[in-house]
Amino acid sequence: MDVLKVTHSGLGFAPELAFVNFPVTLFVAESDLTPLKERIEEFTYGLTKWEPEVTETAILTPPKVTVEGKDYEEAVANMNRLFLRNQWSDGVPLLPATKERVDWILTGTDLPRDKEIARVGPRGGIATVESIAVPLAMTGGRPEYLPVLIAIVEGLGDPEFKTASWQTTSRGTFLVAIVNGPIGKQIRLSKTFGCLGPDSQRPAGVRIGRAVRLILQDMGGATPGSGTMSCYGPNRTTNVVISEDEENLPAGWEPLNTEYGYARGTNSVLLNVSCLAVNMWRRGNYIGETLEEEQDESFDVVAWYMRIPPKSYPVEGGGRGKGSPVGIYLINSLVAEQMASVGWTKESIRQTLWERTHTPLAEYLTYGREVRKLKYDNPGIDLATLPDPMPMYEKPENLLIAIAGGRHPSQNFWLGEGRAVCPTAEIQLPAIWDQLIAEAEEDLGPIPIDP
Amino acid sequence: MAKEKEAPKELSRREFVKGAAVGAAAVAGAGALASCAAPTPEVIKETVEVPVEVTKIVEVPGPPGEAGPVTLEVPDPSGAFEVTELHAPRLDTLEGKTICMLGNESWQQQRTSPYIQELLEKMYPTATFIPYTEFPTEINDKKIGGIVKDAGCDAVIIGNAG
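Residue numbers (this note's numbering), protein chains in the order written: chain A, 1 to 451; chain B, 1 to 162.
Treat the hints with caution; some may be incorrect.
[Said to hold, decoys possible] Covered by chain A, according to a simulated footprint, are these stretches of chain B (three or more residues, beta-carbon under 8 Å):
| no. | segment |
| --- | --- |
| 1 | 68-74 |
| 2 | 82-88 |
| 3 | 91-98 |
| 4 | 112-123 |
| 5 | 128-138 |
[To be verified] Heads up, simulated DSS-like pairs for lysine-lysine below, C-alpha to C-alpha not over 27 Å straight-line:
| no. | chain 1 | residue 1 | chain 2 | residue 2 |
| --- | --- | --- | --- | --- |
| 6 | A | K162 | A | K395 |
| 7 | A | K5 | B | K143 |
| 8 | B | K122 | A | K5 |
| 9 | A | K5 | B | K149 |
| 10 | A | K162 | B | K122 |
| 11 | A | K395 | B | K122 |
| 12 | A | K37 | B | K143 |
| 13 | B | K149 | A | K395 |
| 14 | A | K162 | B | K142 |
| 15 | A | K373 | B | K143 |
| 16 | B | K97 | A | K162 |
| 17 | A | K37 | B | K142 |
| 18 | A | K64 | A | K49 |
| 19 | A | K70 | A | K37 |
| 20 | A | K64 | B | K149 |
[Claimed, not checked] Chain B is nowhere near these chain A residues, computed Cβ spacing over 12 Å in every case:
| no. | residue |
| --- | --- |
| 21 | F19 |
| 22 | G69 |
| 23 | V76 |
| 24 | E130 |
| 25 | P135 |
| 26 | T258 |
| 27 | E292 |
| 28 | W304 |
| 29 | R307 |
| 30 | Y376 |
| 31 | Q411 |
Quick caveat, the hints were computed from the structure, so don't treat them as lab data.
Nothing here was measured: the structure is a model prediction, and the numbers come from that model.
Don't be surprised by glycine CBs; every beta carbon is placed ideally from N, CA and C.
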């Protein structure tokens with residue numbers, strides 16, 4: 001029941017509350033409710049006798065942690081053991097966030113180190129510039145990654161993003177961060193082949209993404225099985241932190257962030273949440289079709305992957321909630337060029353996929369669980385009056401499109417079941433930015449050429 | 001200091017050149033021996049360029065070299081947290097009080113809440129209970145506090161979290 005304590009603390013309470021805990025088997029259909037009767041006195045206790053330990057409002061700041069070892073190697077090993085026991089780790093060894101390392105990371109911003117950026121739900125942990133630099137130091141990050149991470153945390157704190165909600169859900173949610181602007185290339189964020197996986201030439205995404213994971217867990221309180229009910233955990237431990245392939249956008253196709261009011265070339269990050277990561281084998285084997293036919297027919301394949309029944313009716317927003325996007329469709333720049341060459345635009349793709357994900361009403365009515373909820377939400381509804389075919393999401397605009405992935409005609413990617421609105425944040429660079437990038441080139445070599 | 005990577009086992013340039021010289025000497029030797037038994041062959045000198053791969057071991061600065069005990073001081077990554085709300089004082093008794101049942105209609109609440117209410121009604125016959133159906137289901141909305149207060153609730157029982 002740490003989920004309750006963590007969520008409670010997100011409301012400003014100390015992580016303690018009067019509750020009566022039952023096995024989950026009590027909360028399923030046709031369960032035996034006898035335990036409620038056997039423990040009814042505990043309800044009375046909670047309302048009349050229970051006393052909290054914290055009786056004053058205050059900011060509670062934990063002390064620093066000291067770890068010793070006979071040498072450096074042993075000290076680091078002991079630190080990692082401690083972090084595992086305290087549930088501060090993600091299970092993979094961490095570097096010590098020494099003062100020297102954190103100070104180095106902090107050269108990546110001109111913001112004061114004690115500036116509060118956000119409070120991370122559900123726990124409500126206070127994310128300052130300095131406390132954000134700490135997990136980046138632990139994951140082996142570099143100063144030039146910090147501006148992106150700060151912008152991501154700013155988005156986490158957006159109340160409309162409901163971080164506390166998607167963190168604690170039983171679903172396997174993970175954060176998706178799409179970076180626009182020249183910063184992506186400068187800090188070696190991946191955008192082509194292997195962009196969703198590990199890449200030693202482009203380590204920024206994994207290190208930033210892992211730092212996000214630690215922030216969500218440590219400051220946000222989302223520890224598996226106690227701080228969050230996610231049955232299978234976040235689908236991606238390092239989340240998704242990638243750059244859009246702006247350099248290779250087809251003529252007339254604008255970067256994703258321009259749809260949110262940013263001028264082209266602005267460094268910004270857009271956040272979404274997903275729990276569905278699907279590689280779509282859209283096309284690629286030439287079997288005699290024209291380029292036009294290939295592109296058009298590929299959307300039939302893509303639509304199949306996207307066809308998930310809506311959770312609410314009237315259909316509002318994406319498949320899983322009011323106002324939410326249905327997901328992010330990643331198209332690699334080669335496929336985008338092919339699509340554009342035969343007249344496709346982002347708008348026409350959205351329209352086509354919205355239409356092709358419509359499902360015949362007779363088929364939709366076989367989705368028992370969704371239909372039951374539809375009738376529960378709309379008492380007395382005549383199912384025969386539902387649209388035929390039935391839309392799977394509210395409108396074409398609920399589909400986000402970003403250009404990323406290896407330049408190959410066969411694959412696209414679907415980051416589905418977007419859950420919330422998409423906060424965006426401009427990425428602020430320090431005055432010494434050029435120096436940081438130059439130092440990165442000294443340490444890591446020239447910026448790799450994308451294949 | 002840590003090495004960036006272990007050098008693969010391979011021929012060093014010195015060893016390669018030495019080997020080549022031995023080969024060359026063997027060829028020259030064979031030519032010299034051959035000259036005893038046969039007319040001296042024409043020696044054609046030809047310069048051949050052979051690319052030689054050189055492995056460079058790059059030493060990367062690691063942590064400070066510490067031969068003795070080491071103490072690391074690192075931040076608690078959970079960071080600071082602010083308590084802005086305190087729990088309401090407990091009631092002295094439920095007799096004569098108004099108890100409100102709240103919930104988001106999830107996880108069998110349509111069964112558990114009425115049953116809890118029924119059990120408490122028997123224990124506290126002078127208490128008044130307002131069922132969860134009389135309140136909004138968006139219980140994480142800040143407005144719920146005012147709604148509960150306006151309804152005259154002295155205490156709330158919220159469920160169900162799964």
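Hinted pair A/K37 and B/K142, Cα distance within 27 Å: 32 Å, violated
Quick one: work out the minimum CB distance from A/T258 to chain B and report holds if it exceeds 12 Å, violated otherwise. Answer for A/T258: holds, closest chain B Cβ roughly 34 Å.
Examine each Cβ of chain B, and state whether all of them lie more than 12 Å from the Cβ of A/P135. 6 Å, violated
Tell me if the straight-line CA distance from A/K64 to A/K49 falls inside 27 Å. Outside the cut-off at roughly 35 Å; violated.
How does the coverage statement for the segment 68-74 of chain B fare against chain A, requiring three or more residues with Cβ below 8 Å from a Cβ of that chain? holds (count 7)
Just checking, A/G69 versus chain B, shortest CB gap more than 12 Å? Contrary to the label, A/G69 does not stay out of reach of chain B, its closest Cβ about 5 Å off (not over 12 Å).
Given the hinted pair A/K162 and B/K142, is their Cα-Cα distance within 27 Å? 14 Å, holds
Could you grab the alpha-carbon distance between A/K64 and B/K149 and see if it respects the 27 Å cut-off? 42 Å, violated
Please verify that the nearest CB of chain B lies beyond 12 Å from A/F19's CB. 8 Å, violated
Separation of A/E130 from chain B, once the least beta-carbon distance is taken, above 12 Å: 8 Å, violated
Outcome, coverage hint (the segment 128-138 of chain B, chain A; C-beta under 8 Å; three residues): Coverage by chain A is violated for the segment 128-138 of chain B (0 residues, Cβ < 8 Å).
Assertion that A/R307 lies farther than 12 Å from chain B (Cβ): 26 Å, holds
Hints 5, 8, 10, 11, 12, 13, 16, 17, 18, 19, 20, 21, 22, 23, 24, 25, 30, counting from the list given before, are not met by this structure.
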